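Sequence order for the protein chains is A and B.
Just so you know, this note's numbering puts 236 at position 236 of the first sequence, and the rest follows in order with no gaps.
Just so you know, this note's numbering puts 770 at position 304 of the second sequence, and the rest follows in order with no gaps.
Since the hints were derived computationally from the structure, they do not count as laboratory data.
Quantities reported herein were computed from a predicted structural model and do not represent experimental measurements.
Built from N, CA and C at the ideal position, the CB exists for glycine as well.
There may be inaccurate statements among the hints.
[Unchecked claim] A few chain A positions that, by computed beta-carbon distances, are all more than 10 Å from chain B:
{"#": "1", "residue": "T52"}
{"#": "2", "residue": "G85"}
{"#": "3", "residue": "S160"}
{"#": "4", "residue": "T194"}
{"#": "5", "residue": "T278"}
{"#": "6", "residue": "T338"}
{"#": "7", "residue": "Q375"}
{"#": "8", "residue": "N411"}
[Said to hold, decoys possible] No more than 25 Å apart at the CA atoms, straight line, and that leaves these computed lysine-lysine pairs for BS3-like:
{"#": "9", "chain 1": "A", "residue 1": "K81", "chain 2": "A", "residue 2": "K268"}
{"#": "10", "chain 1": "A", "residue 1": "K181", "chain 2": "A", "residue 2": "K203"}
{"#": "11", "chain 1": "B", "residue 1": "K529", "chain 2": "A", "residue 2": "K246"}
{"#": "12", "chain 1": "A", "residue 1": "K181", "chain 2": "A", "residue 2": "K403"}
{"#": "13", "chain 1": "A", "residue 1": "K246", "chain 2": "B", "residue 2": "K644"}
{"#": "14", "chain 1": "A", "residue 1": "K268", "chain 2": "B", "residue 2": "K644"}
{"#": "15", "chain 1": "A", "residue 1": "K210", "chain 2": "B", "residue 2": "K644"}
{"#": "16", "chain 1": "A", "residue 1": "K454", "chain 2": "A", "residue 2": "K268"}
{"#": "17", "chain 1": "B", "residue 1": "K644", "chain 2": "A", "residue 2": "K203"}
{"#": "18", "chain 1": "A", "residue 1": "K110", "chain 2": "B", "residue 2": "K529"}
{"#": "19", "chain 1": "B", "residue 1": "K529", "chain 2": "B", "residue 2": "K547"}
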Amino acid sequence: MAKLKAISKRKILALAGISLSGTLVVAGCGSAATSGSSAPAKGNSAGGKNITITVYVGRYNADPKAQENLFKNTLIPEFEKANPGVHIKFSAWSTAAEENTSIQTSLATKQGPDIFELGSTLIPTAYATNGFHVFSQQDWNTLGGQKKFFPAQMTMSGPSPDKYIAVPEYMQPFGMVYNKKMFAAAGIKTPPKTWTEFVDDAKKMTNPSKDQWGTVIDPSDSFDPWKIGWGFTKQLGGDFISKDLKTATLDSKESINGLKFWFDWLTKYHIVSPNDLTYKAVDADKAFENGHVGMEIMRAPTMVPALSKSVVKNDYAFAPMPTIPYGMTTLPAGGVPTQTIVSGQYFCIPNYVTGARYQAVLKFLKFLTDVKQQQEFFKTYGYMPANLDAYQNDPELNTDLIKAFIDAEKNASPTPFTGAWGNLEVVYGGVASKIANEIATNSYKEADIANLLKAANAQVQSSLQQ
Amino acid sequence: MRETQVEPITSSAANTVSRVGPGVGKLQKRNSPPYWMMFPALLLLIIIVVAPFLVAVYTSFTKLDQYTIANWTHAPFVGWKNYVNAFTQGNALGASAIQSVWVSIAFSLLTTIGITPIGIIAALLVNKPFRGQRWVRAMFLIPYVMPIFVNAITWRLLFMNGWGLIDRILSALHLASKNTFWLIGPHSFWAMVIADIWSSWPFVYLMVLAGLQGISDDLYESAHMDGATPIRCFFSITLPSLRPILGLALLLSTLNHFNNFTLPFIMFGTPPAPQADVLPLNVYVTSFQTFNFGLGAAMSLLTLVLMMIPAFFYIRMLRLGEES
Numbered sequence: 001m002a003k004l005k006a007i008s009k010r011k012i013l014a015l016a017g018i019s020l021s022g023t024l025v026v027a028g029c030g031s032a033a034t035s036g037s038s039a040p041a042k043g044n045s046a047g048g049k050n051i052t053i054t055v056y057v058g059r060y061n062a063d064p065k066a067q068e069n070l071f072k073n074t075l076i077p078e079f080e081k082a083n084p085g086v087h088i089k090f091s092a093w094s095t096a097a098e099e100n101t102s103i104q105t106s107l108a109t110k111q112g113p114d115i116f117e118l119g120s121t122l123i124p125t126a127y128a129t130n131g132f133h134v135f136s137q138q139d140w141n142t143l144g145g146q147k148k149f150f151p152a153q154m155t156m157s158g159p160s161p162d163k164y165i166a167v168p169e170y171m172q173p174f175g176m177v178y179n180k181k182m183f184a185a186a187g188i189k190t191p192p193k194t195w196t197e198f199v200d201d202a203k204k205m206t207n208p209s210k211d212q213w214g215t216v217i218d219p220s221d222s223f224d225p226w227k228i229g230w231g232f233t234k235q236l237g238g239d240f241i242s243k244d245l246k247t248a249t250l251d252s253k254e255s256i257n258g259l260k261f262w263f264d265w266l267t268k269y270h271i272v273s274p275n276d277l278t279y280k281a282v283d284a285d286k287a288f289e290n291g292h293v294g295m296e297i298m299r300a301p302t303m304v305p306a307l308s309k310s311v312v313k314n315d316y317a318f319a320p321m322p323t324i325p326y327g328m329t330t331l332p333a334g335g336v337p338t339q340t341i342v343s344g345q346y347f348c349i350p351n352y353v354t355g356a357r358y359q360a361v362l363k364f365l366k367f368l369t370d371v372k373q374q375q376e377f378f379k380t381y382g383y384m385p386a387n388l389d390a391y392q393n394d395p396e397l398n399t400d401l402i403k404a405f406i407d408a409e410k411n412a413s414p415t416p417f418t419g420a421w422g423n424l425e426v427v428y429g430g431v432a433s434k435i436a437n438e439i440a441t442n443s444y445k446e447a448d449i450a451n452l453l454k455a456a457n458a459q460v461q462s463s464l465q466q
Numbered sequence: 467m468r469e470t471q472v473e474p475i476t477s478s479a480a481n482t483v484s485r486v487g488p489g490v491g492k493l494q495k496r497n498s499p500p501y502w503m504m505f506p507a508l509l510l511l512i513i514i515v516v517a518p519f520l521v522a523v524y525t526s527f528t529k530l531d532q533y534t535i536a537n538w539t540h541a542p543f544v545g546w547k548n549y550v551n552a553f554t555q556g557n558a559l560g561a562s563a564i565q566s567v568w569v570s571i572a573f574s575l576l577t578t579i580g581i582t583p584i585g586i587i588a589a590l591l592v593n594k595p596f597r598g599q600r601w602v603r604a605m606f607l608i609p610y611v612m613p614i615f616v617n618a619i620t621w622r623l624l625f626m627n628g629w630g631l632i633d634r635i636l637s638a639l640h641l642a643s644k645n646t647f648w649l650i651g652p653h654s655f656w657a658m659v660i661a662d663i664w665s666s667w668p669f670v671y672l673m674v675l676a677g678l679q680g681i682s683d684d685l686y687e688s689a690h691m692d693g694a695t696p697i698r699c700f701f702s703i704t705l706p707s708l709r710p711i712l713g714l715a716l717l718l719s720t721l722n723h724f725n726n727f728t729l730p731f732i733m734f735g736t737p738p739a740p741q742a743d744v745l746p747l748n749v750y751v752t753s754f755q756t757f758n759f760g761l762g763a764a765m766s767l768l769t770l771v772l773m774m775i776p777a778f779f780y781i782r783m784l785r786l787g788e789e790s
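Pulled out of the complex, with its shape left as it was, chain A reads as follows (with noise of 0.2 Å):
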């Protein structure tokens, strides 16, 4: 009896343990077919009752509390009380890192938010995965239609109109920001309209005995130095890749040109601060605001903020990008006067958002791409609005400053459309860091720009031969 007991018992731990195993690898495999939100959706049922939807977006670090504020107090109430039985969930990301990496598990996991905010460099990338939906024309006219949108902004949204899998939810036009005191003091009565004069002026205002310099530059960091370069390159009548998007063209003639004007700033010109060559971004922008820099380029309105906080709050002024290349009267034959890249923020959804939650995303989209809230955008973190609309009658989008910036806009080259761009970028980045390497040790040899770009077109190349 005893031993039968011994073994009932046995067994019943075994059953537990098979059961609790059991459990164990059906939550697991629950979980992994889940599609959509990985927050509990309370029954994704038909007809939009009762769906969770996650909204993930890049966090605004200059002030993330007033961006919860807008979005949990302001957007979100006000969208689910028009759309009873829909749930948002508001998240951000902190780093492009973070933003990549969260991308990249959702895909492959099929399960993660309902709606990412990707820029604008990064929409052909996610296009290459096949893991975004392509909106229809019925989706686009849920969405408010394509003619909603500043038409520069829509050429990102994906490689043609019949692809597109990003809706733009605001701009980011690039301009020139340039000190008005430096200006007056030198004698430079209005913004240099060619890159010779651009140097000139700069020439001008340098002055190293007061760490004072024409201009910055900012080789270490990972994004500006192909921006700035791309630029460059298609004012000389070049481009990185090749029209039909098959031939990386980073070593051209027009590309070794752009980059080694740029680097010349410092070797050749002496218009930028040695220091420069460990500068990101944000230390450009310190310098600027801390008064030591004349003109910055490649500048977005969003620098506002923190520029009226700063010592040059009452001194400085936006206006467009030269686009005449150096040494030059006028565009060479094949240039583009470009100004700025089509630079924003778009939404995506995600290919496992299905059915009921995918027609309620749209609703969201829609709503977050009105009049109204793309006003709220730009009250609450100084985001231009892709919404052509949102600029009639609001006195604040009719500023002298803003206009530059759609003027700017008007003049905005979208970059080539090819899932290599993310790769480019990167590499890019890597030569830049080398030069300002080499130039920091003083082993640079001009010659080398050419040699890097050689050996970063065949990298880029790897990647665009799928």
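Given chain A, work out where chain B should sit, using these hints.
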């Protein structure tokens, strides 16, 4: 009552003796631990550790990138190509995995060598009671408890070219030019080592302090009576007594420094100077910035193999501790 309590035991023992022979196997089987009860734990281990490891091994043989990530099980199989590329192909900066391995090894060894004497001296200083001892002990822990990103940002500012405090001090002392570059070029390696020594020496300090508490005062008293000097006491009593714990501390420290990603990532960002392109940073750039997950997985597995060497000694050391 006592008898009745003892009796069953005795009879049980007698029964056991009488069953020597064919019944022993059954009894041993009945009394053997129920290993099958470990099944849930084993299953969890498989799900949490073995499965991801196998996925990493599989990934290292595929061309998993941005084009295949959404359907990763169908990524093209490329065999050993990723392993070959790991040694031969440079990343965005041209640094191959093998170059980064040397940077990481040098970084972890130098940092460990640097923190050891500092940690021992600090522990010896606060081991004897004195007024304000608690405050000093607490202060010594500041670098260790400070978040690593705060440390890294602070050191980045200190090492800034021209206007950073390091350049200014060196210039004032006529030891180096005011324009010495620390965040790019060959000096970036030393900047990384210095910053890491500052933030991690309290680890050795804590371990040694714990070890010092275990040394009996009698040993020192005897030595003192025999006329031993404090230096002789240190080398003949303190250091030999600390040897096991110090060995463990140095091993763990080497492993930690080899895997340090946050400090160089924040101090230099990406791309870092090639001289500061430690292996974890190289793997990160390869995997998550250039989207070459297959190559990144191969590099990670090579890292794992390398880390197994000190890990082997670590496990061996723990076993020795158990035996003693």
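Do the hints match the structure? See the list:
Distance check for T52 (chain A) against chain B: the nearest CB is about 23 Å away, which clears 10 Å, and the non-interface claim stands. With a cut of 10 Å on Cβ distances, G85 (chain A) stays outside the contact zone with chain B, its closest approach being about 30 Å. Taking the minimum C-beta to C-beta distance to chain B, about 19 Å, the non-interface status of S160 (chain A) holds against the 10 Å cut. Distance check for T194 (chain A) against chain B: the nearest CB is about 31 Å away, which clears 10 Å, and the non-interface claim stands.
For T278 (chain A), the requirement that its beta carbon stay farther than 10 Å from each beta carbon of chain B is not met, with the minimum near 4 Å. Separation of T338 (chain A) from chain B is adequate, the least Cβ-Cβ distance of about 24 Å exceeding the 10 Å criterion. Consistency note on Q375 (chain A): stated as away from chain B, and its beta-carbon is indeed over 10 Å from all of that chain's, at 35 Å minimum. For N411 (chain A), the non-interface assignment is confirmed: its Cβ lies about 30 Å from the closest Cβ of chain B, beyond the 10 Å cut-off.
Among the hinted pairs, K81 (chain A) with K268 (chain A) is inconsistent with the structure: their alpha-carbon atoms are about 62 Å apart, more than 25 Å. Only pairs whose Cα atoms come within 25 Å are accepted, and K181 (chain A) paired with K203 (chain A) is accepted, the gap being roughly 15 Å. With a C-alpha separation of about 20 Å, the suggested pair K529 (chain B) and K246 (chain A) falls inside the 25 Å cut-off, and the hint holds. Under the criterion of a C-alpha separation no larger than 25 Å, the hint pairing K181 (chain A) with K403 (chain A) is consistent with the structure, at around 22 Å.
This hinted pair does not check out: K246 (chain A) and K644 (chain B) have alpha carbons roughly 47 Å apart, beyond 25 Å. Distance check on the hinted pair: K268 (chain A) and K644 (chain B) sit about 22 Å apart at the alpha-carbon level, within 25 Å; holds. A hinted pair counts as satisfied when its Cα atoms are at most 25 Å apart, and K210 (chain A) with K644 (chain B) qualifies at roughly 15 Å. At roughly 23 Å between alpha-carbon atoms, K454 (chain A) and K268 (chain A) fall within 25 Å of each other, so this suggested pair holds.
Taking the CA atoms of K644 (chain B) and K203 (chain A), the gap is near 24 Å; set against the 25 Å cutoff, the hint holds. Restraint check for K110 (chain A) and K529 (chain B): satisfied, since their Cα atoms lie roughly 20 Å apart, inside the 25 Å limit. About 9 Å separates the Cα atoms of K529 (chain B) and K547 (chain B), which keeps this hinted pair within 25 Å; it holds.
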